[in-house]
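Use the sequences and the hints to build the structure in full.
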Amino acid sequence: MKEKKQGIKERPAEELGRHIIQWDPDISLCAGCGACEIVCSLIHEGVSGSRSRRIFFEHDSIQLMHKVYTCQQCLDHPCYNACPLKDKAMLIDPETNIVYVDEKECIGCARCVKACPFEPKRIQINRNKKAIKCDLCRGRENGPACIEYCQCLAIGMSDDSPPVPGVVVKV
Amino acid sequence: MSEQTQLPQYGYVGKIAWIDLTDQSVKIIPTSNYAPKFIGGRAIATKIYWDVTKPGMKALDPENPLMFMSGPTTATGIPTGGRTSVCAMAPNNLPEQFCWGNIGGWFGAKLKFAGFDGVVIVGRAEIPVYLKIDDGEITFHDARNLWGTLTHDCQEKLSLIHGKEAVSVVIGPAGENLCRNASINTSNDNVAAKAGFGAVMGSKNLKAIVVKGTGDVRPYDVDMVLKLRKTMGNPQRKANPVEHLDRCAFRAHINFETEPGAVKKTNVSCSHGCNMRCNLFVLDTKSAFPRKVTNQVHKCIGVYAFQMTEDCGMSPGMFFHTEKNHNQACLGQGAQVPPPPDTSDPYLEELMTRRPGSTMNFWDGDYDRGNVINDLCTQYGIDKWDVIVWLMTWLVMGKRTGVLENMDLGMEIDPGSEEFMKHLLDMITYRKGYWGNLFAEGMARTIRTLGKQKYGETIYKGIISNVVPGLQLDIPISFESSWGHCFHWQGRGFQGSPPPGYYLSSTLMLMTNTRDAQTNSHVHGTLDYMKETMDAHKACLNRKVAENAFMGEIKAEMKECVTCCDLQSPQIFWPDMECQMLEAATGIKMTEEELYLACERSKNLFRAILMRDSDRCRAQEEPEAYRPLQYPDCEGQTVAPEEFAKLVDLYYDVWGWDRETGWPTRETWIRCGLEDVMEEMERLGKLPPDKSSKEQ
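Chains B and H are the protein sequences, given in the same order.
As numbered in the working numbering, residues 13 to 183 make up the first sequence, in order.
As numbered in the working numbering, residues -15 to 680 make up the second sequence, in order.
Keep in mind the hints are simulated off the structure, nothing from the lab.
Any given hint might turn out to be false.
[As the list claims (entries may be wrong)] Pairs of lysine to aspartate or glutamate residues, derived as EDC-like cross-links and limited to a Cα-Cα distance of at most 16 angstroms, are as follows: (1) Lys214/H / Glu160/B; (2) Lys148/H / Asp172/B; (3) Lys222/H / Asp38/B; (4) Lys249/H / Asp36/B; (5) Lys249/H / Glu160/B; (6) Lys79/B / Asp200/H; (7) Lys211/H / Glu160/B; (8) Lys222/H / Asp72/B; (9) Lys222/H / Asp36/B; (10) Lys148/H / Asp36/B; (11) Lys141/H / Asp72/B; (12) Lys148/H / Glu70/B; (13) Lys141/B / Glu149/H; (14) Lys133/B / Glu149/H; (15) Lys196/H / Asp36/B; (16) Lys248/H / Glu70/B; (17) Lys196/H / Glu70/B; (18) Lys248/H / Asp36/B.
Note that the structure is a prediction, hence the values are computed from the model and not measured.
Next comes the structure, spelled out in structure tokens:
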């Protein structure tokens, strides 16, 4: 399925890992509730707020064609490569090849943020001066919470089939 | 509730900003001055208004405090918490009275992320300004280059200046020109419109408020929040594709053919963090302005600009519920498709049997005209109810009855014409000439200036019931209800098909309000209640009608305080839903009864303001509310004044108000913890004799 353009810089699909995508409006239009970033920050940080999110909902004033920016889980993981504490603060899950952060070890240098090839950046430094990035809710039984709580199935995994109009997915 | 007096560290962010436009000063008030006794939203705004104002305030006075107040659930991720209260003395109420509004969008949530539970705006700037609220800092900016812009243009410019993360509420030219029906608009076409608060902003030379916030809001119980996201409103997870249709089929009675593929529609959420998408969203529609096509959001009323050949009907299931089928109006009435009904329900047929709207034949289906009218209202910042339900229908009925034969509006009067409506709304927004100036005062005042007897009460004989097929319903050419507002589910005129158990309850709610109350208090009850109250005369003697109105008003207070939304509350079979919302947000544990009492407190304080400032009493409000009931409902039933009076007796009993005066009794003030208010009422001579009305 064609993924919506995300950000200024694009990378060929073969350089990206399994990641969260936003479907085309003809498949499902984002309703603009922001649940994706709200549940993301609630589940990971216990708060609601833009500094605590790992998925980036961009509100489109007036025309309401909102965008959801997500970590593309680059296969060459430039964020990991830039980390001065790689394999301690920033690690690669051996099973999924996904980069994740051990916040206890992170020193908040933000080199990973600078190395992220996308705009807007898909990693940010949170209020505790720790890098936070999407790791597809690593270890969470139901998978990524943003997908689970998206009421209109406007986001999904890049290797998913698109949602079928009219078909209700179990809540 | 364990008598909690300290502000919890959860839900609230702890500060309210007092902003004076005259001297461009800001002071910070702790939210704990008011909450949790006054839970949030409208309750806090009402308390502030009571504390800081005196009788004699006019809506467009600089001292009129315009308040935007969020609730403890706002921005926590609890569905419907994104709704935000807007309160002030209202210019479009007749007479001007303290009033509330309710707005969706992202403004309230952003306000909290910026560190404020609410803002109070007083004074008047020397030149047009806009406010910027950015992570705790409030600054004043020259808005002369924004003054005169349409709402969308203004929002786009603010977004360019302050970035996409900035969210704004703005007024259009109508607000600047002090049109009494002017709205305050969010960038997703949500509005605080009915009270005319756009004119209050205009009177303060305040074009917009833009807010950016990167702070956190911490709910008390994340798991509970997540659970509520999956249970409130019985949400369905399914795709939300943009449909390309050959028909404008937005309601059962708004259904006509268009160019192939012309109608592109889907749904969107109205506010931050909701788990539903109740609003209709139409894409690539014709704009009234040369700019471009535009996308539009519709809640309830805008769709009637497309077609009004038949009034809005109803199915009982939209408002009356059984244990097996109790979807909210959001799903039954709104644009989002409801889940399939439970067919094992023996009452399903009764729930689904439609009470069709009356035949009106006011204007035929025209998709472009409907879009243009909606765009005009949105971009100018005018209340769509005042325009579509009242002005347009009045022009049609007035013309057909010959009442308007000497009215020269510069074009042939034809609300079915796109060009005429562009001409008319331009004239009103910019107060052009005598007629523009007159209509800019809102419909209620326009009709009184012209002469109410002829221009308001001439009977129109062209409405035919479809509930009792062929029955002619003679009602006035002006769809006026009470307090300067138009009919809204009152069993007459527009949305005239609900049964007596509905419209008697909605009339009581309207009676003690200052504006159309239905926007936050659609009547809900059990199917048994509806069946028990089908006879209007007997229903006036039934205490259950009074209790239904009481419940509706209490729930309305909850919606405005906690905050919640009228399309998800009340849940008849989940009565403590709002208690759970409040607990999840703040950790405050309240029983249903305790939350009811907190809302009674807010409502009684609202009543105290009306008693102090507007001489509110039974002699004032009962005839004001009664007026529509003298005209036939869709079955031809009317209600006599003495019948309504008996219902009002029962209703005052339920509230603990004196039957004779309509004033809260000493016992009621004390029960609500408002002894200080009681003392003021006593000083004003408005404390009823020391006896409980229930003993009468």
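To see whether the hints hold, each was checked on the structure:
| no. | hint | in the structure |
| --- | --- | --- |
| 1 | Lys214/H / Glu160/B | holds (10 angstroms) |
| 2 | Lys148/H / Asp172/B | violated (30 angstroms) |
| 3 | Lys222/H / Asp38/B | holds (13 angstroms) |
| 4 | Lys249/H / Asp36/B | holds (15 angstroms) |
| 5 | Lys249/H / Glu160/B | violated (25 angstroms) |
| 6 | Lys79/B / Asp200/H | violated (22 angstroms) |
| 7 | Lys211/H / Glu160/B | holds (12 angstroms) |
| 8 | Lys222/H / Asp72/B | violated (22 angstroms) |
| 9 | Lys222/H / Asp36/B | holds (14 angstroms) |
| 10 | Lys148/H / Asp36/B | violated (21 angstroms) |
| 11 | Lys141/H / Asp72/B | holds (13 angstroms) |
| 12 | Lys148/H / Glu70/B | holds (7 angstroms) |
| 13 | Lys141/B / Glu149/H | violated (21 angstroms) |
| 14 | Lys133/B / Glu149/H | holds (15 angstroms) |
| 15 | Lys196/H / Asp36/B | violated (28 angstroms) |
| 16 | Lys248/H / Glu70/B | violated (23 angstroms) |
| 17 | Lys196/H / Glu70/B | holds (13 angstroms) |
| 18 | Lys248/H / Asp36/B | holds (15 angstroms) |
Of the numbered hints stated above, those contradicted by the structure are hints 2, 5, 6, 8, 10, 13, 15, 16, listed in ascending order.
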